[in-house]
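Colleague: Residue numbers (my numbering), protein chains in the order written: chain A, 1 to 174; chain B, 1 to 459.
Any given hint could be a false lead.
Stated by the list, open to error - Capping the alpha-carbon separation at 30 Å, the derived lysine-lysine pairs in DSS-like fashion look like this:
| id | chain 1 | residue 1 | chain 2 | residue 2 |
| --- | --- | --- | --- | --- |
| 1 | A | Lys75 | B | Lys83 |
| 2 | A | Lys136 | B | Lys146 |
| 3 | B | Lys352 | B | Lys263 |
As the list claims (entries may be wrong) - From the structure, some residues in chain A lie toward chain B, with a derived Cβ separation under 7 Å:
| id | residue |
| --- | --- |
| 4 | Lys33 |
| 5 | Val37 |
| 6 | Glu60 |
| 7 | Leu78 |
| 8 | Ile82 |
| 9 | Asn98 |
Read the hints as simulated data drawn from the structure, not as lab findings. We put the CB at the ideal spot given by N, CA and C, even for glycine.
The chain contents come next:
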Amino acid sequence: MLIFICLGIVFSTCVGNVDFDQVDDIVLEPEFKVALVHFRANPDDFVTNGGLSFISDITEIHHFDSGTAQESITKIELLFEIENTFNKAFNLEYQFLNNLNQITYTITFNIPQNSGLLQETREITNDELQLFLSSKGIVVFAEMESDTAPITQDMFLDYKSVADVFLRISANDN
Amino acid sequence: MIIKKQVFIGLLFCIVTTFSQNKNILFGFDEVPQSLLVNPGLDVNYNAHFGIPLLSGVYVHAGISGFNISDLFEDDGIDINSKLRDLLSQTSSNDFYTVNQQLEIFNAGYRLNNKRDYFSFGFYEELDVIAYHPKDYIAVVLDGNKDIDRLFDASDLSFKAELLGVFHAGISRKINNKLTVGLRAKLYSSVFNATSRVNTGLFVTREGQNNIYSHQFIDVNMEVKTSGITDENNEVVAQDGVIGKFLVSGNMGLGLDFGLTYKPKENIEITASMQDLGFIHHRKNVTNYKIEGNFDFEGLEFQFPSTLDGIDYWQNFEDDVTENIGLDTLNVKYTTLRSLKFNGSVAYKFGKKNRNNCLRSESKNKLANEVGVQLYSIFRPKQPQVAATLYYYRRLSKQLRFKTTYTANSYSFANIGIGLTTHFNKFNFYATADNLLGYADLSKSQNQSIQFGMNMIFD
């Protein structure tokens, strides 16, 4: 009798109206905020060569090295805040390099003298995105406009850069 | 990223087929020798028993708090991503998933010559897992750190998983007609253990001073302790010699169970027990993973004027991470406490006296019906889980006894269980099932358990 009761329980057990194929429809779309490069350049920081005054530096980056991340990133928004208190304009280039030190992506800003706080965004999607994601390094090059206006020590060029990285992770991406 | 569907569903089932350890039906089911494992102070009415090896005690119990399968997978036309977010918002970091499974290898007992002591012993395997809902970790996966000033709490990671073998031997002593007390000693041999109980720390992305964002790891102190999984060289040893590790693993512990049965009147019975007051000392194949410190990151700061050699900013960043919140891998011995469990009950007996009993040694005056209330508690990493049970017991015939329970616990307030035990000559078969209503639709159930076994009982 006991065995029949047990079997009765087992065979009367059921799983309701559930559909596990809904897993295929799961899509995760997280957004990650990532700080990239920042600096403050003062007058003494600039190198003068052939009449041009500039600053330039380079760093490796490995933010996007993961193949999984590269597959899932759908968009990157680069955000910049730049403030120039010099009485000179700047030509500022933000270059991304691949592992052969070839430029894969360049962003150029023309920064007026005494610019105040400038906020810029660049949206990177589609074909540009793949070039960008292959980047292994960042170069910042800021060239000062050449004129004779006197520079004082309290002047500076402030540069801030971050990225908002948008991912799309789907159970159905096979 | 690719999420393998099978893995996802498998993981989900692992989570949902998790188990608590409340053997509320077995507790007080005096005819079943395995109830001595829940209360060593049982008033034993037979003279000897042995379990059918490997079949004397099979126990599995699954539980999940906060939601059920149906909440996520019901075919209701609602977008699963919407349901996923609803679940995340309705679950808290105190919700949990727990697994407990036990398999008795052998179990036997006999009455000593002094007639008042019943000695029992045995060996069983146990898997015990509890993981709390890692709410903020899941929030990072779902949404990232897109909300400025959103604090992510490291303490949401809390779990314990262990597989062990348990030798046990105990004595139930009848002090007088009213009082029986019992004690059981246990020797634990841990096959593997992974524990992460008290983690602290915050992660937040805020507006920075020198850059637009500042990523801050604040007072992070996290640790995962493992034994029996990797050796000192980080080589995986979990699969080596598992059978032997159930017996002697090098990670051994001791424990005690206590229990009593008090019968102030013929029709009143009070019982209480405490199980697994014990510890396991982990000293072999121990690997601990620890992160401790503070770290602020506002991005890579270019420093001018540039030097000829240049500065390796990325390497400096990695060095800073390692120095401040790097993952340390250690081999430090540690001790874990077993999950302490309490049971207590008060019973009122009534009805016809037992005149026709298969168990001849059972009291001839035992009443046919019994109603009572039971309380159960198990200590878990964050907080105890408790359950209250009302039950009714009846001898249906001379071969068949029946117990039904109504339990309110961490999972639900409508949990009906049933237990049956048969006695044909010396052969005993018993089975219990908890939360019968859940079997009607497992996808809506948060808690299921079954236990069954076979014994030979001698009067």
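Colleague: Does each hint hold? Answer for all of them.
Modeller: Hint check results:
no.: 1; hint: A:Lys75 to B:Lys83; result: holds (26 Å)
no.: 2; hint: A:Lys136 to B:Lys146; result: holds (24 Å)
no.: 3; hint: B:Lys352 to B:Lys263; result: holds (18 Å)
no.: 4; hint: Lys33; result: holds (5 Å)
no.: 5; hint: Val37; result: holds (5 Å)
no.: 6; hint: Glu60; result: holds (4 Å)
no.: 7; hint: Leu78; result: violated (11 Å)
no.: 8; hint: Ile82; result: violated (11 Å)
no.: 9; hint: Asn98; result: violated (15 Å)
The earlier numbered hints that this structure contradicts are 7, 8 and 9.
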